[in-house]
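Top to bottom, those sequences are chains A and B. Residue 15 in the numbering used here sits at position 15 of the first sequence, and the numbers go up by one each step. Counting the second sequence from 1 gives a position; the numbering used here is that position plus 104.
Check the hints yourself; a few may be wrong.
Claimed, not checked - Which stretches of chain B does chain A cover? Using the computed rule of at least three CB atoms under 8 Å from a CB of chain A, they are:
1) 431–443
2) 469–475
Unchecked claim - In silico contact screen, one side only, chain B against chain A (beta carbon under 10 Å); selected entries:
3) G167
4) D199
5) A265
6) S293
7) R358
8) A361
9) R519
10) Q536
What the hints assert, rightly or not - Listed next, the stretches of chain B that the computed footprint assigns to chain A, with coverage defined by at least 3 CB atoms under 8 Å from CB atoms of chain A:
11) 231–239
12) 318–326
13) 405–418
Everything labelled a hint here was simulated from the structure, so no lab data went into it. We treat Cβ as the ideally placed atom computed from N, Cα and C, and that holds for glycine.
Residue strings, one per chain:
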Amino acid sequence: MARTPADLVGAEPAPAHHIEFDGRPVPALPGQTIAAALWAEGITAWRTTRVGGRPRGAFCGIGVCFDCLATVNGRPNQRTCLLPARPGDTVTTQEGHGRADLAV
Amino acid sequence: MPTSPSDPGPRGGAPYDLAVIGAGPAGLAAAVTAADLGLRCALVDAGPRAGGQFYRHPAPELGAAHPERLHHGWETFARLAARLDGHPRITHLPDRQVWTAGRRADGWRLHLTGHHQGPDAPPGEVLDAAAVLLATGAYERQLPFPGWTLPGVVTAGGAQAMLKSGLVLPGRRVVVAGSGPLLLAAASSLVTAGAAVPAVVEATDYLGYARGLKTLAANPAKLVEGAQHGAALLRHGVRLRRRSAVVEAHGTDRVTAVTVARLDRDWRPVPGTERRIACDAVAVGHGLVPQIELATELGADTRATPDGTVALAVDAEQRTSLPGLYAAGETCGVGGADLALAEGVLAAHAVAGRPAPAGARRRRDRRRAFAELMAAAHRPGTGWTGWLTPETDVCRCEEVTAARITEAVEELGARDARTVKLLTRAGMGWCQGRMCGPAVACLAGGPHPSHPPRPDSRPLACPVPLARLADLGEAEL
């Protein structure tokens, strides 16, 4: 029985690179999205909601629900389930609408 | 100004004979069939690789030697992908979404955008084609329950999508819940990939299928598919709980357990039947909703499906009510990959002005009959609202609770989802009601047999930068 998804499909991925999530390094395999790299590390939340400040992460996984938004390389509201993780990307937990810099 | 990925064609008019939107089973089959019949095709797709959600697979860098182990019917995809690869008459445009479409004298103009919306995003593109095939598939229908916004609660299709493309799991112990055949497929993928699945919780008892024995007999492949998923679950000792639902997810920062309850015939939780199951993820969904906003915005006719969603109305040749606009696959009513493949082939022949192959037509008719039976069998019962508490968020984006929606209906007189939206902001957030729409409509008193659901109206099919809108002159559309 396969113990991991990679075992199941016989994956021999290219070497992992790293992205940074809230200041800590997170490995990412080339070809994975940011959301996938975070899930692989057991991280399921990377946003807090505008009203209740509740944690949220990936929900639909296909780009329609917008729950997985995060600030990537300083840019808020990026759909991490669609965005490939690139070496050195900095991902930060997005608070609310992610526009604190605009003071709106 | 937007740039065009295409030059005017040698025959004048639109540079493409056919633009296919979506590279899943329907769009892929349509594009290669139409191109083989001599049409110049553009294949526009939101994904980085052809395949759509059904044939979604890892990037080449992940080095998956056996992607077929996460799939059903992979050989079919491999054959289609080989036909697409380097086809002289297909321009494959991945990583792009069509955000709006407009009618032109000689066909259609599509406006394209990438997912990447920052200042360094690539410029918008326009694409002109004599005919358009909408093969945009579907997304999952969700019925809210207390705790469904906790991290670790994901859609069943989302769990499968992340597994197929990223080789990741949402957790180690995943309860799969909701209704419909996707649950069995998702659960079987999750267990074979190493997750523990303590339970598959299905709201129906499958007895609805018994009403269509002739249809079942005509679709042995669908029965075999179901049996294969069932066998995988048995092998891993996964328990299928029928006529039950997850009525609450527990946890503070992420899900740690769920409460499962038995349902009565109308999907109302039966008091005293609750049972707690520990888990660190929940994969949940109640069937699929056709993604048809481009066509409904243009005014295409729709139909209500037996499970209460809205699909595009098409004729026997996959034509919508708008000249030159065709649809195939889940946009015409959810029915699975085989049906989508057949409809894609039929649409391609219709666009090319060729007679439909009899085999594809027969397969389409059989699979469509099965799809309607399946939809009726899994149509949500009205009693699901019995598991909501007043504090349950119904609209995830705008954090609108069930209590506020009830207030809009009972105290402020809202009679439909649109009025509820105006009074509460439910459905006004980032996802534009794609997640909460069916639930809000139900809480607002519909859809009811005498009031079939109305298609959603969204002028923009996906997010688009304001600068892109500012680039458009009125004549552009």
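The hints, checked one at a time:
A count of 0 residues in the region 431–443 of chain B with a Cβ less than 8 Å from any Cβ of chain A is obtained; the coverage claim is therefore unmet, three being the minimum. For the region 469–475 of chain B, the stated coverage by chain A is violated: 0 residues have a C-beta nearer than 8 Å to a C-beta of that chain, whereas at least 3 were required. Among the interface hints, the one on G167 of chain B holds; its C-beta lies about 4 Å from the nearest C-beta in chain A, closer than the 10 Å criterion. The beta carbon of D199 of chain B is positioned within 10 Å of a beta carbon in chain A (closest approach about 9 Å), and the interface hint is therefore held.
Interface hint status for A265 of chain B: upheld, as the beta-carbon distance to the closest one in chain A is roughly 4 Å, under 10 Å. Interface hint at S293 of chain B: satisfied, since its Cβ lies 9 Å from the closest Cβ of chain A, which is below the 10 Å cut-off. The interface hint given for R358 of chain B holds, since its Cβ lies 5 Å from the closest Cβ of chain A, which is under the 10 Å cut-off. A distance limit of 10 Å between C-beta atoms decides the matter here; for A361 of chain B the minimum to chain A is near 15 Å, and the interface restraint is violated.
For R519 of chain B, the interface hint is violated, the least distance from its beta-carbon to any beta-carbon of chain A being 26 Å, above 10 Å. Look at Q536 of chain B: its Cβ gets to within about 9 Å of chain A, closer than 10 Å, so that hint holds up. A stretch counts as covered by a chain when three or more of its residues have a beta carbon under 8 Å from one of that chain; for the region 231–239 of chain B and chain A the count is 0, and the coverage is violated. Only residues whose beta carbon comes within less than 8 Å of a beta carbon in chain A count, and the region 318–326 of chain B has 0; fewer than three means the coverage is violated.
Counting residues of the region 405–418 of chain B whose beta-carbon sits less than 8 Å from any beta-carbon of chain A gives 0, not enough to reach three: the coverage restraint is violated.
Checked against the numbered hints given earlier, this structure breaks hints 1, 2, 8, 9, 11, 12 and 13; the rest are met.
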